[in-house]
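Just so you know, the sequences run in chain order A and B. For the first sequence, counting from 1, position 167 maps to 167 in this note's numbering; every step adds exactly one. For the second sequence, counting from 1, position 79 maps to 79 in this note's numbering; every step adds exactly one.
I should point out that these hints are in silico values taken from the structure, not numbers from a laboratory. Each statement offered as a hint is correct.
SDA-like mimics (lysine to any residue), calculated; alpha carbons at most 20 Å apart, straight line:
hint : chain 1 : residue 1 : chain 2 : residue 2
1    : B       : Lys-275   : A       : Leu-196
2    : B       : Lys-152   : B       : Leu-81
3    : B       : Lys-272   : A       : Phe-189
4    : B       : Lys-254   : B       : Asn-216
5    : B       : Lys-56    : A       : Leu-226
6    : B       : Lys-56    : A       : Glu-223
7    : B       : Lys-83    : A       : Ile-225
8    : B       : Lys-194   : A       : Ser-188
9    : A       : Lys-190   : B       : Met-274
A partial selection of chain B residues facing chain A, derived with a Cβ cut-off under 10 Å:
hint : residue
10   : Leu-62
11   : Lys-166
12   : His-264
Here are some chain B residues the structure puts well away from chain A; computed CB gaps all over 10 Å:
hint : residue
13   : Asn-57
14   : Ser-79
15   : Glu-82
16   : Ala-87
17   : Gln-138
18   : Asn-196
19   : Leu-198
20   : Ile-210
21   : Lys-244
Note that the structure is predicted; figures quoted are calculated from it, not measured. Cβ atoms here follow ideal geometry from the backbone N, Cα and C, with glycine treated the same way.
One letter stands for each residue in the lines below.
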Amino acid sequence: MPGAKSPASGIKGIKRLFININMNADEIKKLYKAMSEALELKEKGEQLSEILNLFSEYREELEAMFKDVEALAFLKESIKPTEGIFEKIVANEEISRLLREDEAKHFSLFQSIELFSQLLTAKKVYVGIAVIVLIFGISGFYYRQLQEEIISPVAEKKESEKLAINNLTDNNLTPKNSVVLKTEETVSFKEMESDLTDEINSLSVDLDDLEEFGNDDSFENLETIL
Amino acid sequence: MKKNKNIISGLMIAVVFIGIAGASASAQVLRTGAINGGIRYRQVREEYLKSVDIYKNARRELLEARENYQNLKTPETKSLLEKKNKAILNNAASAMIKQLEALRSKAENIQTVSENEKTAVLTELDKGIDWLKQKQPQIENATPEQIKEQSKVIRNYLINNRAIVKRATGLAMAGRINLVIAKAENFSEKASDKINELKSAGKDVSQLEILLNDINQKIILAKEKHESAKEKFESISSESDFNKTFNEGHQFIKDANQYIRQVHGQLIQLVKEMKKIE
Numbered sequence: 001m002p003g004a005k006s007p008a009s010g011i012k013g014i015k016r017l018f019i020n021i022n023m024n025a026d027e028i029k030k031l032y033k034a035m036s037e038a039l040e041l042k043e044k045g046e047q048l049s050e051i052l053n054l055f056s057e058y059r060e061e062l063e064a065m066f067k068d069v070e071a072l073a074f075l076k077e078s079i080k081p082t083e084g085i086f087e088k089i090v091a092n093e094e095i096s097r098l099l100r101e102d103e104a105k106h107f108s109l110f111q112s113i114e115l116f117s118q119l120l121t122a123k124k125v126y127v128g129i130a131v132i133v134l135i136f137g138i139s140g141f142y143y144r145q146l147q148e149e150i151i152s153p154v155a156e157k158k159e160s161e162k163l164a165i166n167n168l169t170d171n172n173l174t175p176k177n178s179v180v181l182k183t184e185e186t187v188s189f190k191e192m193e194s195d196l197t198d199e200i201n202s203l204s205v206d207l208d209d210l211e212e213f214g215n216d217d218s219f220e221n222l223e224t225i226l
Numbered sequence: 001m002k003k004n005k006n007i008i009s010g011l012m013i014a015v016v017f018i019g020i021a022g023a024s025a026s027a028q029v030l031r032t033g034a035i036n037g038g039i040r041y042r043q044v045r046e047e048y049l050k051s052v053d054i055y056k057n058a059r060r061e062l063l064e065a066r067e068n069y070q071n072l073k074t075p076e077t078k079s080l081l082e083k084k085n086k087a088i089l090n091n092a093a094s095a096m097i098k099q100l101e102a103l104r105s106k107a108e109n110i111q112t113v114s115e116n117e118k119t120a121v122l123t124e125l126d127k128g129i130d131w132l133k134q135k136q137p138q139i140e141n142a143t144p145e146q147i148k149e150q151s152k153v154i155r156n157y158l159i160n161n162r163a164i165v166k167r168a169t170g171l172a173m174a175g176r177i178n179l180v181i182a183k184a185e186n187f188s189e190k191a192s193d194k195i196n197e198l199k200s201a202g203k204d205v206s207q208l209e210i211l212l213n214d215i216n217q218k219i220i221l222a223k224e225k226h227e228s229a230k231e232k233f234e235s236i237s238s239e240s241d242f243n244k245t246f247n248e249g250h251q252f253i254k255d256a257n258q259y260i261r262q263v264h265g266q267l268i269q270l271v272k273e274m275k276k277i278e
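The shape of chain A in the complex, shown without the other chains:
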């Protein structure tokens, strides 16, 4: 097709349209309102020059837009965009604004979240999925951390103790068997120190509690009055 733009130049045109705009939100709204009206007029068969004269304030932007429309028309056989998709694209002022900021290399984390949220609002179902994935991801991460915290060293010790329990009987409490905590290869001396200290402390509590039962005389001499 002689004189037609290549697809690449058309796409570049769209990008140019977004990045060359340096306006505040109200101005952008006005621009896109003008764009929508200009597109409607074009569809109704108005001449381009007349449309550009009508919206002379946005002449440059509208020229760029119609070039892009032309480029998209060239691509429509292969891309087949849905009806009105272009309007939707250009009407999304927030995406364009964020893309512009991205181009300016000032894309903050917060803006990333904003963009993400904006993109998700396009399809509510995606929001739901994203939220579920996010919760699972965070929960998974924390659960893993928790598991690590418990497993190392406590859970490993528990496992070792289970092994010890399984291997020991009343009659084989030999030194070799009583130290079935050998699976704790990865447990450092520091961890063993800490574990043993905790054990010594909790042993004191347990022995004190048990001693109370051993010395409990609550029912002493009960038989004398029965």
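Chain A is fixed; fit chain B onto it per the hints.
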């Protein structure tokens, strides 16, 4: 649009925080789960102490009613005495059940090396609890004549109950300390491996070996004390002098505890010394 965007962004962040809070809460639940046994024990123990107060009150009231009856010999004082005889039996049985349940909760909660040992203790306590619970309705429904018979039954059981408590308490102590000894022994073995490593690397480990040898000697002594204590506690029965036997076993536990505390301090010192040589 901007307002909506802010709301959406806020919601997204809120979701993230809710996720984090939820995960943290789950973590807390798991941590809490680890100490639930201890909390349960404290609750059961509280119940036991309350039941002892009730029992002691019933005991005091029984003695008063008995004195009144002896002084007045009226049908009213006799009736009151019969009522108090039943009450003391009921309250004593309830308190003894709570005592066994509290001890069971403690024994169940403590860590031991051998699950068999723990199970044996719990089974013995369960037998006592079951026996007393079976007696409760019989006491409740007993006539004044039957109360006398029930009093004899409970009186005979009292010795048995004391023996159960002493034996279970002692064995729970022995099982508990045995786990700490096993852990100290494991620590010592790891330290021994490390010392051998250092020795192979040409380091002077003579002082470490002396210290380790002392540690191992104390571990052996702690184990011997544990075994002696266990033997004593196992020999407790309603026919034996269980108070004396329990006290002897308890002394072995105290000795083992002293050795294991010394071992703990020495192991920490040993690790420090090993680090210096490394």
